[in-house]
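Protein chains in written order, with this note's numbering: chain A, 105 to 353; chain B, 9 to 257.
Derived from the structure by calculation, the hints contain no laboratory data.
Treat each hint with caution, since some may be false.
[What the hints assert, rightly or not] SDA-like cross-link-like pairs, simulated, lysine to any residue; straight-line CA separation at most 20 Å:
| no. | chain 1 | residue 1 | chain 2 | residue 2 |
| --- | --- | --- | --- | --- |
| 1 | B | Lys152 | A | Asp258 |
| 2 | A | Lys303 | A | Pro325 |
| 3 | B | Lys153 | A | Leu151 |
| 4 | A | Lys251 | A | Leu202 |
| 5 | A | Lys160 | B | Leu157 |
| 6 | A | Lys251 | B | Gly163 |
| 7 | A | Lys194 | B | Ala164 |
| 8 | B | Lys249 | A | Asp258 |
| 9 | A | Lys224 | A | Leu271 |
| 10 | A | Lys274 | A | Glu295 |
| 11 | B | Lys152 | A | Lys251 |
| 12 | B | Lys152 | A | Ala263 |
| 13 | B | Lys152 | A | Gly156 |
| 14 | B | Lys152 | B | His168 |
| 15 | B | Lys152 | A | Asn152 |
| 16 | B | Lys153 | A | Pro188 |
| 17 | A | Lys303 | A | Val328 |
| 18 | A | Lys194 | B | Thr188 |
| 19 | A | Lys194 | B | Leu32 |
| 20 | A | Lys194 | B | Thr156 |
| 21 | B | Lys153 | A | Gly134 |
| 22 | B | Lys249 | A | Thr191 |
| 23 | B | Lys153 | A | Thr148 |
| 24 | A | Lys194 | B | Trp254 |
| 25 | A | Lys267 | A | Phe221 |
| 26 | B | Lys249 | A | Gln213 |
| 27 | A | Lys194 | B | Trp176 |
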Amino acid sequence: MTIAIAVKNLSKHFGKEVLFQNLSFQIKKGEIVAFIGPNGCGKTTLLNILSGLTEKSEGAWEIKEGKPERLSYIFQNYRDSLLPWRTNYKNMALPLELQNVQEKQIEKQINEIQGIFEEKIALQNYPYQLSGGQQQIVAFARALVNKPQVLFIDEPFSALDYKNNLLLRKHLQQYYTHYKPTILIITHNIEEAVHLANKIVIFSEKPARIVDIVENRQAYPRTVAFLRSRKYTKVREQVLSAFQKVAGI
Amino acid sequence: MKIAKHVLIGPVIVLVVWLLVSELKLIDAFFLPTPRETITELVKLFVEGTIMKDMLFTLQRMGIAFFIAGVMGIPLGLLLGSSRKLYESFEFVIDFFRSIPATAMFPLFTLVFGIEDRSKIAVTAFAAGLIIIFNTAYGVMHTKKSRTLAVRLMGATRLHIFRFVSFWETLPQIFVGLRTALSLSLVIIIVTEMFIGTYVGLGRRIIDFQYIYNIKGMYAVILLTGILGYLINVIFIMVEKRLLHWTEK
Numbered sequence: 105m106t107i108a109i110a111v112k113n114l115s116k117h118f119g120k121e122v123l124f125q126n127l128s129f130q131i132k133k134g135e136i137v138a139f140i141g142p143n144g145c146g147k148t149t150l151l152n153i154l155s156g157l158t159e160k161s162e163g164a165w166e167i168k169e170g171k172p173e174r175l176s177y178i179f180q181n182y183r184d185s186l187l188p189w190r191t192n193y194k195n196m197a198l199p200l201e202l203q204n205v206q207e208k209q210i211e212k213q214i215n216e217i218q219g220i221f222e223e224k225i226a227l228q229n230y231p232y233q234l235s236g237g238q239q240q241i242v243a244f245a246r247a248l249v250n251k252p253q254v255l256f257i258d259e260p261f262s263a264l265d266y267k268n269n270l271l272l273r274k275h276l277q278q279y280y281t282h283y284k285p286t287i288l289i290i291t292h293n294i295e296e297a298v299h300l301a302n303k304i305v306i307f308s309e310k311p312a313r314i315v316d317i318v319e320n321r322q323a324y325p326r327t328v329a330f331l332r333s334r335k336y337t338k339v340r341e342q343v344l345s346a347f348q349k350v351a352g353i
Numbered sequence: 009m010k011i012a013k014h015v016l017i018g019p020v021i022v023l024v025v026w027l028l029v030s031e032l033k034l035i036d037a038f039f040l041p042t043p044r045e046t047i048t049e050l051v052k053l054f055v056e057g058t059i060m061k062d063m064l065f066t067l068q069r070m071g072i073a074f075f076i077a078g079v080m081g082i083p084l085g086l087l088l089g090s091s092r093k094l095y096e097s098f099e100f101v102i103d104f105f106r107s108i109p110a111t112a113m114f115p116l117f118t119l120v121f122g123i124e125d126r127s128k129i130a131v132t133a134f135a136a137g138l139i140i141i142f143n144t145a146y147g148v149m150h151t152k153k154s155r156t157l158a159v160r161l162m163g164a165t166r167l168h169i170f171r172f173v174s175f176w177e178t179l180p181q182i183f184v185g186l187r188t189a190l191s192l193s194l195v196i197i198i199v200t201e202m203f204i205g206t207y208v209g210l211g212r213r214i215i216d217f218q219y220i221y222n223i224k225g226m227y228a229v230i231l232l233t234g235i236l237g238y239l240i241n242v243i244f245i246m247v248e249k250r251l252l253h254w255t256e257k
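Only chain A is shown next, with the shape it has when bound in the complex:
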C-alpha cells in the first residue's frame, strides 16, 4: 500500500526541554490513525509540524500523498477557528475562495459536503447563531469542502456532548468511506480512537516515544452497535493496557 506520511528520526525541543526525540513511523494512504498519550507529550506539536505550522528541531518528515492545498486541519477549539464575521456559508467557502474557485463551483461543493451531514445548517446565519455541535459541523464542513487528501484533527469532539460527539463520528466516517482521505486524529478518549481509527498509536510521557501501535481492522462505517461488540472490547482492552503502562496507574 502507498505511504502517505513518512516520519524519520523527528525531534522537537524547546530550549533544553525535549518534547520528543527520534520519532519514526509511516502512515499508509487512506488510513485513519489515532494518537493517544498523556497531556503534554507533544501530540499536538507533532500534528503542527506535519501540517507545517511549527518548525521541527531535527529529523525529517514528508507528506507523500496529497497536495498542500488538499490538506486540512480541524482544530480542537472550533469557536476560535471559525470567523464570526462571516456567514456559515462564507466560512465553509473560505478554503475554496483562497484557491480562486468560481462561485458556482463553491456552491456546488458546499451543497455536496452538506449532503454528508444530516443536520442542515442555516447557511446565511452566523456561527454565533448556532449551537456548539452545529458550529463544529461548520468547522468540519469547512475542512472537508476542498475534499482533502490528508486530514489532521486535534481533539475534535472534546467540547461536544455525547450525542453530538457520536453524530460527528458518524459524519466523519461517511466522509471517509466516500473520499478515503488519510486521517490523523489526536484524542484523549480511547472509545473515540477505537471507534474511528484502524491504527492506534500510544505515546509515552515526555520525552515522548511510541510505546505501542494497536491495529484495529474493522470495516467502515462503524455504527454505535460496534461499540457494544466483542471486537471493540478486545481492541479497547489492548489500548487501555498499553495506556495504563504509560500512565503508571
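The hints should help you fit chain B onto chain A, whose structure is shown.
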C-alpha cells in the same frame, strides 16, 4: 429603541440636585440658574438662530479633524501593529505625545498652521489620531492566533490573512479607538475655539457669554455641548453594534 428604567436614575438625580440647589438658592442665583431657566434660554438661542451656526461650525471642525485622524490613524496603527518590533520602536513617541495635553500643544500648532481653523483642526486630528493609532495597533497585536493559523493552513498569503482575518479581528479595537477619539475631538475643538482665531463655534459662544456675564446663556450652551457629545456617542454605538454584530455574541 427601548430604554431600561434604571438608566434614567443618574440623570434624574443630577436634575433633582440642580433643581434643589438653584430653587433653594444654596448658590447665588446669578451664578446658577434653574434647569427651567437654562432650557428656556437654550430654546431662545435656537429660536433666534444664532446657536445653529455655532453648532454647525463646531461639528464641521470636529468632523474634519476626526476624519483626518481616522484616515491617517487606522493605516498607521495597522502598520505598526503588524510588527511588534516596529511598534516598540514608536511606542515611546506615541505614549509621550499622548501624555501631553492637546491644549498645551495648541500654541505650537498656531505657530505652524496660523490662528484660524487649520490649527484647531490639526491639533485635534493630532490628539485623536494618536488614540486611534494606539488602539488599532493594540488590536492587531492581540488578534487570536488560532484563526490566523486556521487560515494560513488553507494556503492564505499574508495579504489574505490581513484581508480575511486580522482586519476583522482588529475592527472592535479600532472602534474603541474611534469612539474615544470622537469624544476627544469634540472636547479639543470646543476648548481651542475658546482660545483665539474664531468668532463662531460653541466654545467661542461659551467664553463670550462668560465675558458678558450672560450666565444663563453660558449654561445653555454648556448643556447643549453635553447633549451633542452624548448624542454623537449614542449614534456611534448604534452604528458600531450594527457593523460589529458578532462581538457581543
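For this session: Quickly compare the C-alpha distance for A:Lys267 and A:Phe221 to 20 Å and report which way the hint goes.
Result: Cα-Cα ~14 Å, so holds.
Exercise. Given the proposed pairing of A:Lys303 with A:Val328, does the C-alpha separation stay at or below 20 Å?
Worked result: Given that 20 Å is the threshold and the Cα spacing comes to 19 Å, the pair holds.
For this session: Measure nothing beyond the straight line between the CA atoms of B:Lys153 and A:Pro188; if it is 20 Å or shorter, mark the hint as holding.
Result: Distance ~15 Å between B:Lys153 and A:Pro188 Cα, so the pair holds.
Problem set entry | Straight-line alpha-carbon gap A:Lys194 to B:Leu32, limit 20 Å | violated, 64 Å
Exercise. Taking 20 Å as the top limit, are the C-alpha atoms of A:Lys160 and B:Leu157 close enough?
Worked result: holds, 17 Å
Exercise. Is A:Lys274 within 20 Å of A:Glu295, Cα to Cα?
Worked result: Holds - the C-alpha atoms of A:Glu295 and A:Lys274 are around 14 Å apart, at most 20 Å.
For this session: With a cut-off of 20 Å on the C-alpha distance, tell me whether A:Lys251 and B:Gly163 pass.
Result: holds, 15 Å
Exercise. Within 20 Å, alpha carbon to alpha carbon, are B:Lys249 and A:Thr191?
Worked result: The given pair, whose Cα atoms are some 17 Å apart, holds under the 20 Å limit.
Problem set entry | Distance restraint between A:Lys303 and A:Pro325, which requires alpha-carbon spacing of 20 Å or less | holds, 15 Å
For this session: For the pair we were handed, A:Lys251 and A:Leu202, check the Cα-Cα distance against 20 Å.
Result: Holds - the C-alpha atoms of A:Leu202 and A:Lys251 are around 14 Å apart, at most 20 Å.
For this session: Assess, step by step, whether the Cα of B:Lys153 is no farther than 20 Å from the Cα of A:Leu151, and give holds or violated.
Result: With Cα atoms ~16 Å apart, B:Lys153 and A:Leu151 stay inside 20 Å; holds.
Exercise. Given the proposed pairing of A:Lys194 with B:Trp176, does the C-alpha separation stay at or below 20 Å?
Worked result: holds, 14 Å
Consistency note: the structure conflicts with the earlier hints numbered 8, 11, 18, 19, 21 and 26.
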